[in-house]
Amino acid sequence: MSFMPVILWTDALIFVLMVGVLALVWFIRRHEHLRAPWRVVAQRPMAMGAALVLGAFVVIGLLDSLHYRERLADSPADAPQYSVEVLSVFDALVSGLRTRQEKTYSAPLAMQLYAKEFLERDGETVRDYPRLQYGGAHLKHADEHASDIARRTLVGLTQGLAVGLLLFGLLAAWQARRTQTQLGAWLEVWTTGRLGWPGRTVVLVLTLMLLLAGMLIQLASGYHVFGTDKVGQDVLYISLKSIRTGLVIGTLTTLVTLPLAIGFGIAAGYFRGWVDDVIQYVYTVLNSIPGVLLIAAAVLIVQVYIESHPEIFDTAAARADVRLLALCLIMGVTSWTGLARLLRGESLKLRTLDYVEAARAFGVSHVRIISRHIFPNVFHLVLIAIVLDFSGLVLAEAVLSYVGVGVDPSMYSWGNMINGARLELAREPVVWWQLGAAFAFMFALVLAANLFADGVRDAFDPRLGGRR
Amino acid sequence: MTRTGILLLGLGLSLLAGCSDSWNNPYPDSPSDASVLYSAFSERPKHLDPARSYSSNEVEFTGQIYEPPLQYHFLKRPYTLIPLTVEAVPTPRYLDASGNVLPADAPASAIAESVYDIRIRPGIRYQPHPAFARDAAGRYRYHALDAAATARKSRIGDFEHTGTRELVAADYVYQIKRLANPRLSSPIFGLMSEHIVGLKELGAQLEKAVRDNPDAALKLDDFPLAGAEVVDRHTYRIRIKGKYPQFIYWLAMPFFAPVPWEAEVFYAQPGMADRNLTLDWQPVGTGPYYLAENDPNRRMVLKKNPHFHGESYPVEGSDEDREAGLLADAGKPLPLVDEAVFSLEKETIPYWSKFLQGYYDSSGISSDSFDQAVQFSAGGDPQLTDSMREKDIHLITAVAASLWYVGFNMLDPVVGGLGEDRRKLRQALSIAFDYDEFISIFLNGRGIPAQGPIPPGLFGYVEGVGGLNPYVYEARNGRIVRRPIDAAKKLLAEAGYPNGRNAKTGEPLVLYFDTMASGPDAKSRLDWMKKQLDKLNVQLVVRGTDYNRFQDKIRKGNAQLFEWGWNADYPDPENFFFLLYGPHKKVGTGGENAANYDNPEFNRLFERMKDMDNGPARQQVIDEMLEIVRRDAPWIFAYYPKSFGLRHGWVHNVKPNLMANNTLKYRRIDPVLREARRDDWNKPVLWPIVLMLITLVAVIAPAVIAWRRHERKTA
Amino acid sequence: MFAYILRRLLYAVPILIGVNLLTFALFFVVNTPDDMARLQLGAKHVTPEAIERWKAEHGYDKPLLLNPAAEGTAQFTDTIFFQHSAAMFAFEFGKGDDGRDIGNEIRTRMGPSLAIALPVLVVGLMVNISFALLMVFFRATYLDLWGVVLCVVLMSISGLFYIIAGQYFIAKLWNLLPISGFAGGIDGLRFILLPVLVSVVAGIGSGARWYRTIFLEEIGKDYVRTARAKGLSEVRVLFRHVLKNGMIPILTGVVVVLPLLFMGSLITESFFGIPGLGSYTIDAIQAQDFAVVRAMVFLGSFLYIIGLILTDISYSWVDPRVRLQ
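Residue numbers (our numbering), protein chains in the order written: chain R, 4 to 471; chain F, 2 to 716; chain A, 326 to 650.
For reference, chain R alone in the conformation it holds in the complex:
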């Protein structure tokens, strides 16, 4: 084997989460009353468009969660040795982006460094912008620059469009067969938007994403699309790698929150009495400590743990990963209280309903009452909380990294990018692309998440359901 798979803690949890989500999907598909609200979501163009964008992010994040260590080139076959650098499948896919490192800053799509240096030219020392080692290295003259970019953009767009059309054709053929209509008839229905699902939006968003991807792929093979950072790393690569960090924080934190919130919230509302008192006490205590302080303390504790157990964390990736996990854990611990309070209130109401009281009178066990009658009735609240929290958590990462208690400084994350960009903005001419890229990617993810969350909330919240 020429590589050794590495399963980081967060990888394992992400895949556990994936399995959980798939199981849930399977379960929901089999129950009509659970499918109904999702149909409502699926009919909303905005939510579906957002879901597609989210999907793209998730695919990148998942690919980036399959880690491995490469075997060293000349290590003996019987006792293979592996590099200490942990890579992912995503790294392998975009290995060009990763390895094409320049010396230092260069602007987006540039072919020269951003600062002048002393160069030996025709035996003379001059001060000029040196050419980049990779970016635009295939060009002989600077005047080909603009035309080459235009050409690549055009080729990329065309390729994207071609793939888009191909996919659309396949979709149309499949749908036409499924609904047993003529292809032309289906297309007509599609153009008028009477499909029953937002076909136009889906196709449009998909095509746009493909166009963008085609353009990026074409340009990135010859240039640094978002420029390079201080040590010459491609900013596009950094931004793409940060996706996983953002997703992990947004999802794993929720994974921690849910059992706490559901368990304590329902228990407090259902059992009342001293259980309620204890749980209320715990969450008032947790809630009243300023979150940043708790997070700072937890992150420091993990640091201490890592330092005292260096043998467990043999690679830099493992160290960074544990810190990320700890961040998710502690953010989960600080953020379950809101949902728990909501669930407590709801359970208090539910437990007084006739059929719940009847069940209790018949001696049905508490576990059964809760799982049969209480939990299903508060599930929509849980779901809404998950999607609403996600974007907030992604944004919180940036702020925490700024305060210095966020993810490991060696980790790729938007927070670290923004933190680094603080100094870059004081440069003149301003180095804006790292901040810009972090902004664009974060904005895309959070906006998609927010729009999707809106759709989910509208479909599930009974208070809003009737109005629209």
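Note that these hints are calculated values from the structure, not bench results. Check each hint, because a few of them may be wrong.
To be verified - In silico contact screen, one side only, chain R against chain A (beta carbon under 10 Å); selected entries: (1) D14; (2) V295; (3) L296; (4) I304; (5) V390; (6) S394; (7) V397; (8) V402; (9) V408; (10) I421; (11) M445; (12) F446; (13) V449; (14) L450.
Said to hold, decoys possible - List time: in silico SDA-like cross-link candidates among lysine to any residue, alpha-carbon distance up to 25 Å: (15) F:K714 with A:I544; (16) F:K220 with A:E377; (17) F:K347 with F:W405; (18) F:K656 with F:T349; (19) F:K347 with A:G484; (20) F:K77 with F:Q552.
From a predicted model like this one, the values you see are computed outputs, not experimental measurements. Every residue, glycine too, gets a C-beta built ideally from N, C-alpha and C.
Got chain R; can you put chains F and A on it based on the hints?
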């Protein structure tokens, strides 16, 4: 934005416009023509007590307020000590064990004690302060206050009466005793108790007194100190164990400045400490300035001390100084600036922006605002960019007397030890870490690749090719060039790691690098470190951690490679070589030798070198020592940082002096020019506001029209 | 009423003890007293004796929770935990590890924090409500649709970008306001404007959208329809009924954060150089000054509990059906 927001903004702006100065002037209350210097501090000082303040951001204040006996000459290089409050720079008398006076050239081993008689000038007076205030009967007004009387005083200025007193020799002795006060934990107590006769014993006595009587105030006058005695009103005597020529440099630091006993009595009164009225926060000195406003969360203001004893601007200086206009004020009475305002500025962007707007008179340059300010001429000399020169901004450069290095833990089984193979491994790594590139990427050239532990400007440093480190560099055409990476590969192979693999087991060589990574730059720097060893096919695991954990590792000797630096306390090579002296090992002794380097030959030479006077003989010993540390390579000598500063055209008499900390008194500014430039540079740009208003109207208007139509229809 | 408040305040005591115990546990895992001493004494020339002295001086030389060497109740009282937390219940915070008096620091820093936080709250409330009313008024038109989209867009931008952009454009490029700093009195206005503006703009997205939902909910109620049926104009309905009734949930939501305004904002204060409690907290975290962190946690928890009590009281005020018990 909504209408309300715009309204409020407009209201605020019109209020601002009512003021005469620029809208973004951060000093609204200051008169424009006053001789006030504006600068910033990035971290609030922790201690302003001269027995405790050590870091540069604290000495920046205490240096202007307190006056130790000696100071460095403002212009002369190499750094020269001159009298500040004393009649003359003291020369020690050497005594042997039985108390006989020895000649000045006596061997160090024969000297049992060095005696310094220090005679201060009469007539020097303290700044006005309530601690000195007396009533008509001559009693101290504020020495017996109760909690009720201090309850309404929150600042020193709240005390109605002030007084002053002449500086006497006893004040200096008092301060030396304070170094031993266990309640102050002076950072140099440990060091000085090795040198000053009886200081260690005094420390033990005071500690016992504190333990026996924890709530009582210490009366230092009741405890005699053999090593520091008052001779007469204006003379005191310090006795040093053996020979310690570097002691004279300590006499130029605020640690040896006078502290009046009245101040300690004053601040010890009930209720004072609760309002931060302590000597640690409210200094009482004889210097050219006193601390008039003390709000470390916002700003600190130094004002001219009306009782200042007077000093005049130096008249001696080199021709270069004369050319640079540094002698234009020669002979004028100091201080030249009436007031200095220091504002707290934690973030780089505001700091740099305010400098460019003319609101700070001078500024350091962070590596990231560098390109805007400085470019290099064809010869490699830094010069300002055209846009800066147009603004009449001037560049000040100086090589700091400090060193950054990467230490190897010499106790580590992989990289440590004095064996030949380990030595080669360290040499190979020294070549691989390309600090020339580091300097250009991260410091924008503000550093000099280090050739050894001694930075330029100190005795023992050899300029140019003659001083190169032959194990890492080589001379090519009279230039110092880093050895090629192949040389490092060869050394690595000889060390038993051909191509980065253990020759015996075939395992890859994995090294661990510990660093206190924080701040926006950290990630890039760590990436760069890894890149360096990739060249040798050696795997580097970077372990970033916080300050405490880092210190802990170094102390226990658990680190392998680590990054550290040292700032000179005084301009003597001893202050750098002692970091490598075996008996000062971090592990076990808790000394400053973080690499735990212990080479008997080096230790022997160090003991000889430290007591020698500067001269060819000392240079020879130093050269031998340099050869040993370069061969052993316990450190990768990274770089000597250069400090680049900028000043506006209206600031005069700036010459970097890395040793002196009391240079504020020499500075002069031209407030009229400053006012004109500030007005010119800070014209508000108004079109964005107008544009925003128009956009808002354009967005809302159609809706309002539509609604009107709708209303009319229904009506 | 008073009995209720008194009981709630008493109930706060175990919570505050719990908070304190948690902070102690967390921070003592991280930093031993030795670490704290080294942090404060600096890097150069530190001796073990100096560390011992520092610990004794700051009262960290005792056992953490239980002192087996002592007698009787002193087993509990002669410990770091008791010595350092008992006094806090009397709001005696003692000295920071850097030697400055924390109580004094809190008193002087509260003003600047409030000077930013209060205008942000008031202006933000006004701006968000007017924006929300505007959207409700033009509901089902393009203004409402794009207003909501704008809200979501504004919400999706990290707060850091607002600050960076505000400083860069307004202060650096256009010279309209000082980029950072603070002053008391009327002079302080120019310093406050930029942080307030940035914070208000950053809050519009979520605020206005939330208020819009509240107003829409209100507008669907029967009494509004009745009012409209009586022939009241749309503007009147909106201001008389919808705004008035919608303000109840908005204001009760505000009450809970009122006491916490004293704590200031961590990020805004440190970016704009405001000497408030927020930047104090950040500095303490970064310097790992445990004494200050402890005091700030205590203060924060206390204010939070006050906020909860105020909320309950305000509920009973606006809704007579709710009884305090």
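Hey, does the D14 of chain R contact hint survive, CB to chain A under 10 Å? Because about 26 Å separates D14 of chain R from the closest Cβ in chain A, which is outside the 10 Å limit, the hint is violated.
Decide if the proposed pair is consistent with the structure: K714 of chain F and I544 of chain A, CA atoms, cutoff 25 Å inclusive. Cα-Cα ~22 Å, so holds.
Hint status (Cβ of S394 of chain R to nearest Cβ of chain A, threshold 10 Å): At 7 Å from the nearest chain A Cβ, S394 of chain R passes the 10 Å test, so the hint holds.
Would the hint on F446 of chain R stand, with a C-beta cut-off of 10 Å toward chain A? 6 Å, holds
Interface hint status, I304 of chain R versus chain A (Cβ within 10 Å): 5 Å, holds
Given V408 of chain R as an interface hint, is its Cβ closer than 10 Å to any Cβ of chain A? 7 Å, holds
Hold the hint about V449 of chain R up to the distance rule: shortest CB distance to chain A must be less than 10 Å. For V449 of chain R, the interface hint holds, since the closest Cβ of chain A sits about 4 Å away, which is under 10 Å.
Under 10 Å, Cβ to Cβ, is where V397 of chain R needs to be relative to chain A, so tell me if that hint holds or is violated. 9 Å, holds
Hint status (Cβ of V402 of chain R to nearest Cβ of chain A, threshold 10 Å): Holds, about 6 Å.
Below or equal to 25 Å on CA atoms is what counts here, so check K656 of chain F against T349 of chain F. With a Cα-Cα distance of about 24 Å, the restraint between K656 of chain F and T349 of chain F holds, given a limit of 25 Å.
Is the hinted pair K220 of chain F and E377 of chain A satisfied, with a Cα-Cα distance of at most 25 Å? Roughly 22 Å separates the two Cα atoms, so the pair holds.
Does the closest beta carbon of chain A sit nearer than 10 Å to the beta carbon of V390 of chain R? It is violated, given that the least Cβ distance between V390 of chain R and chain A is near 13 Å, above 10 Å.
Consistency with the previously given hints fails for numbers 1, 5 and 20, ordered from lowest to highest.
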